[in-house]
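With these hints in hand, go ahead and build the complete structure from the sequences.
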Amino acid sequence: MPSSTISATRARESAPGDALLGLALRNPPQNLEAEQALLGALLSNNKAYERVSEFLAAEHFADPVHGRIFAAIARRIERNQLANAVMLKSDLENDGLLEEVGGTAYLAQLVSGTVGAVNAGEYGRVVHHCYLRRQLVDIGEEVVNRAFGDSEGLDAPQQIEAAEQALFDLAARGSADGGFVSFERALALAVDGAERAFKRAGHVSGLATALRDLDAKLGGLHPSDLIILAGRPGMGKTSLATCMAFGAARALADEARLAGLGKVPPAVAFFSLEMSAEQLATRLLAEEVRVSADRIRRGEIADRDFERFVECSRRIAALPIMIDDTPALSISALRTRCRRLKRTQGLGLVVVDYLQLLRPAPGTRPENRVLEISQITQGLKAIAKELAVPVLALSQLSRAVENREDKRPQLSDLRESGTIEQDADVVMFLYRDEYYLAQREPKLMTYDNQAKFDEAHAKWIADMERVHNVAELNLAKQRHGPTGKIDLFFEAEFTRFANLDRHHGAHDAD
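Quick note on the numbering used here: the sequence shown kicks off at -13 and runs consecutively.
Rather than coming from a laboratory, the hints here were simulated on the basis of the structure.
Model, not experiment: these values are computed from the prediction.
There may be inaccurate statements among the hints.
[To be verified] Okay, derived cross-link-like pairs now, DSBU-like style, lysine-lysine, Cα gap no bigger than 35 Å in a straight line:
(1) Lys75 / Lys33
(2) Lys393 / Lys429
(3) Lys429 / Lys203
(4) Lys463 / Lys429
[What the hints assert, rightly or not] For each label pair, taking beta carbons as the anchor points, the in silico distance ranges come out as:
(5) Arg394 / Phe292: 35 to 43 Å
(6) Val296 / Glu128: 49 to 57 Å
(7) Gln396 / Ala303: 36 to 44 Å
(8) Ala424 / Glu260: 20 to 28 Å
(9) Ala245 / Arg325: 21 to 29 Å
(10) Val296 / Ala442: 47 to 55 Å
(11) Gly135 / Glu477: 39 to 47 Å
(12) Gly332 / Ser39: 32 to 40 Å
(13) Ser39 / Asn131: 33 to 41 Å
(14) Lys429 / Gly220: 37 to 45 Å
(15) Val356 / Glu477: 36 to 44 Å
Where a beta carbon is used, it is the ideal one built from N, C-alpha and C, also for glycine.
This is the structure in structure tokens:
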């Protein structure tokens, strides 16, 4: 190899190390003058503490001495005690920290150098911003070190997720926003919501699902709400979730069309961790065309059905539904993808099928499955609040349901974690009596004579007719409204849900 090529290769190989060395020689972001000015302001006027107490802590100071002084000031003020140089001297002396913080002379210097308490809030924000920048430097160094091989067993995509999670955690911890909202402002928001409900068809303030009785009970799907849809396998959770996603997508498309000017509707993000995007699309088509998904997969479609199949696919293709079928997705990756979708197209609803298949953020090691599920549900609730969208998450139930005579689920049946119930704004259980009743068909061999069997069998047939095509959706928890049972129409052949018309015994597909 020519010497020039070797030199160039060595230069490229050494470049990252040189860059790191350059970073190491630079001082971390800090503003010691702002720290001194803030401490002086606090010692001169304790009321200035109210301007920084909500977001500033001792560990945010670049100089550990300043952090200890701030902690001592905070302790006295929060005990409703005076915190000036004289009183602080006594406390620090008793704790053996006086000399460590520079003695009486340094406390006097801080007080004499203050320029007034009115700017304490600005000083505090400068100190806090420097702390956040130092944390960014630390995260950057950790990312570089992991990428150079100290990866703790994480592959490259997991390293990216870990970096995103670290940045999200820093953003969550580092936010100095929030605080009180005036009652006047809160009232105006409430009136706006009521006005939206009044103007919309069906009078729902949230996002409509096209399931009439559910929308009436919930008022639609509301931004910032975490909605849990739970049920045992075979109940049709995914089908109901796709039905709700379909209805929401239509509502979003209709609102965008009414807004005019070529407005792009916000998307429904459907995270299918169990089925592929193709399988989910096949199920959606089967529900819409009313052709069995099994027949579609096998190609057993009549000519007239195929024409409807193609026509329907063209009609619904424009609906704003985005499917992500990445298996074993982490909560941090899900958050990142939702943020990206909201930024590029807009986001109206997030559906997760199902939450037990999500993974916690890379780099976190929950001690057990309960803590893991707890992290996931808290993450989903955080996504709902941060992005101001409803999040619909499907959940499995424990086997305890199968051991009871009445198979209807209860809140205690939520699998692996009571925090699901705690974090959720709405918990819904899907139950179909027909599913269990079909398994209890009387057998002649279990009866003494034909007459008793015939009587039992006739009763079973009558019970089956009563619950045929009927599903129960039980609202076991609703933070902002009533609970209760909703009956839905269910076609098992097409795994399709719709509104139930109690008066005519038929169903309303719209």
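Legend entry - Index of numbered hints that the structure contradicts, given in increasing order: As far as the earlier hints go, 3, 4, 11, 14 are violated by this structure, in ascending order.
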